[in-house]
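Which chain is which? The protein sequence lines are A and B, in order.
The opening position of the first sequence corresponds to residue 1 in the numbering used here, with each subsequent residue numbered one higher.
The opening position of the second sequence corresponds to residue 1 in the numbering used here, with each subsequent residue numbered one higher.
One should not assume that every hint holds.
Cβ-Cβ distance ranges computed for the label pairs, FRET-style [what the hints assert, rightly or not]:
(1) Gln-258(B) / Gly-35(A): 47 to 53 angstroms
(2) Ala-182(B) / Ala-208(A): 55 to 61 angstroms
(3) Cys-112(A) / Thr-137(B): 45 to 51 angstroms
Calculated directly from the structure, the hints in this document are not laboratory data.
Everything numeric in this text was worked out from a predicted model, so none of it was measured.
C-beta atoms are modelled at their ideal positions from N, C-alpha and C, and glycine is treated no differently.
Letter by letter, the chains look like this.
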Amino acid sequence: MKAQENAVLTYETALVTGASRGLGLALTERLARGGTRVVAVARDAGALEAALSPLGRAGGEVHAIAADVSDKRAVHRIAGTAAALVGPIDLLIHNASSLGPTPLRLLLDTECEDLEAVLQTNLIGPFRLSKLIAGSMALRGRGTLLHISSDAAVSAYPTWGAYSVSKAAQDHLGRVLAAELDSSGVRVFSVDPGEMDTRMHADALPLADRTTLRRPEEVADSIVRLLERAHEIPNGTRAEVETWRAA
Amino acid sequence: MASSVTPSLRLAPARTPFRLRSVQPLPLQRPLQPARWPADDRAGQRLLVIDRASATLQDRTLRDLGELLTPGDLLVFNDAATLPASLSATTEAGARLELRLARESGGVFWAVVLGSGDWRSRTEDRLPPPALAVGDTLTLTSASSDRAPPLTARVVDLAPLGAAYSRASPLIALEFAATGAALWNGLYRAGRPIQYSHVERALELWHVQNVFASRPWAFELASAAHGFDWALLLALKRRGIRLAALTHAAGISSTGSQELDRALPFPERYEIPEATVRAICETRREQQRVVAVGTSVVRALESARTGTELRAGRGEATLVLGPERERRRAERPTRTRPRVVDSVISGIHQAGESHYSLLEAFAPAALLERADAHARALGYRVHEFGDACLVL
Numbered sequence: 001m002k003a004q005e006n007a008v009l010t011y012e013t014a015l016v017t018g019a020s021r022g023l024g025l026a027l028t029e030r031l032a033r034g035g036t037r038v039v040a041v042a043r044d045a046g047a048l049e050a051a052l053s054p055l056g057r058a059g060g061e062v063h064a065i066a067a068d069v070s071d072k073r074a075v076h077r078i079a080g081t082a083a084a085l086v087g088p089i090d091l092l093i094h095n096a097s098s099l100g101p102t103p104l105r106l107l108l109d110t111e112c113e114d115l116e117a118v119l120q121t122n123l124i125g126p127f128r129l130s131k132l133i134a135g136s137m138a139l140r141g142r143g144t145l146l147h148i149s150s151d152a153a154v155s156a157y158p159t160w161g162a163y164s165v166s167k168a169a170q171d172h173l174g175r176v177l178a179a180e181l182d183s184s185g186v187r188v189f190s191v192d193p194g195e196m197d198t199r200m201h202a203d204a205l206p207l208a209d210r211t212t213l214r215r216p217e218e219v220a221d222s223i224v225r226l227l228e229r230a231h232e233i234p235n236g237t238r239a240e241v242e243t244w245r246a247a
Numbered sequence: 001m002a003s004s005v006t007p008s009l010r011l012a013p014a015r016t017p018f019r020l021r022s023v024q025p026l027p028l029q030r031p032l033q034p035a036r037w038p039a040d041d042r043a044g045q046r047l048l049v050i051d052r053a054s055a056t057l058q059d060r061t062l063r064d065l066g067e068l069l070t071p072g073d074l075l076v077f078n079d080a081a082t083l084p085a086s087l088s089a090t091t092e093a094g095a096r097l098e099l100r101l102a103r104e105s106g107g108v109f110w111a112v113v114l115g116s117g118d119w120r121s122r123t124e125d126r127l128p129p130p131a132l133a134v135g136d137t138l139t140l141t142s143a144s145s146d147r148a149p150p151l152t153a154r155v156v157d158l159a160p161l162g163a164a165y166s167r168a169s170p171l172i173a174l175e176f177a178a179t180g181a182a183l184w185n186g187l188y189r190a191g192r193p194i195q196y197s198h199v200e201r202a203l204e205l206w207h208v209q210n211v212f213a214s215r216p217w218a219f220e221l222a223s224a225a226h227g228f229d230w231a232l233l234l235a236l237k238r239r240g241i242r243l244a245a246l247t248h249a250a251g252i253s254s255t256g257s258q259e260l261d262r263a264l265p266f267p268e269r270y271e272i273p274e275a276t277v278r279a280i281c282e283t284r285r286e287q288q289r290v291v292a293v294g295t296s297v298v299r300a301l302e303s304a305r306t307g308t309e310l311r312a313g314r315g316e317a318t319l320v321l322g323p324e325r326e327r328r329r330a331e332r333p334t335r336t337r338p339r340v341v342d343s344v345i346s347g348i349h350q351a352g353e354s355h356y357s358l359l360e361a362f363a364p365a366a367l368l369e370r371a372d373a374h375a376r377a378l379g380y381r382v383h384e385f386g387d388a389c390l391v392l
């Protein structure tokens, strides 16, 4: 991570979860194109390799790790392999997340085990990974954690319960980490990307008019430009891509 | 990372000059006992402070470290993560063995080979390693349940240190068939942390990581920093103690073979960031202490020094630190006195261990003897989860 002359941060290394499609793939692509060495994580090895191979051909440095972030035993493999391949991680993007069972259902109709599984993927797993990576950032005095959030973290929409709860908790986890690490050079942000044309969106709202949705590539570009200004934003900030663009 | 601009370090005279004295054999005392499991309260570990200026000893805990240092002092940590370096494997003939990775250089790994069995038996008591030939393929046994194909490795050298592969010298060099992400993923799937019979249960990888670990270069836990938690690190920062990192491939502590143990530590790769060299130069300029957390940090920093210049970047540590009277094995490089590091935090070590000789490079033998007797009398605990000492 370096501040360049025009005060734009560049990240030498990044780790992105949920990178085989949608926003995670778009972020991986955008960062690799900008010269960042990226480690991309997703559950499905085949889908991940297929999604990443054009990036490698285009000259970017991207490494694939097939792993489930909710698996306690996988996090050391993810963090260790990533650091072995690209060096200490400058930017960690928690993008992988789960809606829980679809069609979405009321909280009282949600099995406790399903809520638990959503929390494992969206909250506990990312926390385990942050613990392994933010420590080296804090010792070296630099690094950024980014949680991909949702407006469901703020607004209470019926049937979005499990996902909503996990995203609200993740936003707040980010704020607490930012407060605790404020003197250490580690910065923690949440970004609400807004509604995008992704498979997750189709799973949640199959009848939505896709022409009203933003493309993940566009959103990834906005997020990376936000990250390039991370040093100008108060630590712990939760940003909305739409508002930030307008501002 | 490594840069062409290398800040240089002008060396101030040593803070506490001392003369080495001859050592009288110690009376027989009860042996130091190992800690058998990591403590829940990391920073509560006991810290034996060996103060050279006043020639006194103090019993403290690691949590008191901020009071023992002065604002402006610099703590240098080894941020290597611990690789799961113990691998179960089978030969083409079906013999089982354990590989303990011990060095990596240019894609070639050194491994100590132990016969069938595991950490529950003492390393010296393990079955002899199976016969091997250059070109043999070893297949790793994966501990995890997923369907990823097992890693294989080819034996490329049976005498990496010169002595032929045998029970007395069970060291080989190997190359894995996989590279990049496939290699690292495979090692994490198949490996477990190296451990010894003094530990009471099977260790998980999270038991042997320091809180700021990054690249998995260490083959065993770089244990001097294991007591540091973030509450302590941030409190030290608030007090004005500077923190810096380097990465050093801390090697294995015991091979089960006396002949190989004499060759420890093996060459260990390291990388020192430019920011750390800058912090050291600044600290020395301001006449503050440079405190190495762990002997691996001392090795890296002293190896990276040429004359009065400390160089950022990568290298491989081969030097052995210690007092001059230890310069006895002709094949080992000359033992060197530390010039970059003023103070060291280390585990409690027994006389005769290589880490103990390193302490002897920092403090007079008579003071270390008193510290040793004190540690025995008060039941300080040794090994990777044990107590620590600070030579000030």
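Practice problem: Report the numbers of all earlier hints that the structure fails to satisfy, in ascending order. | Solution: 2
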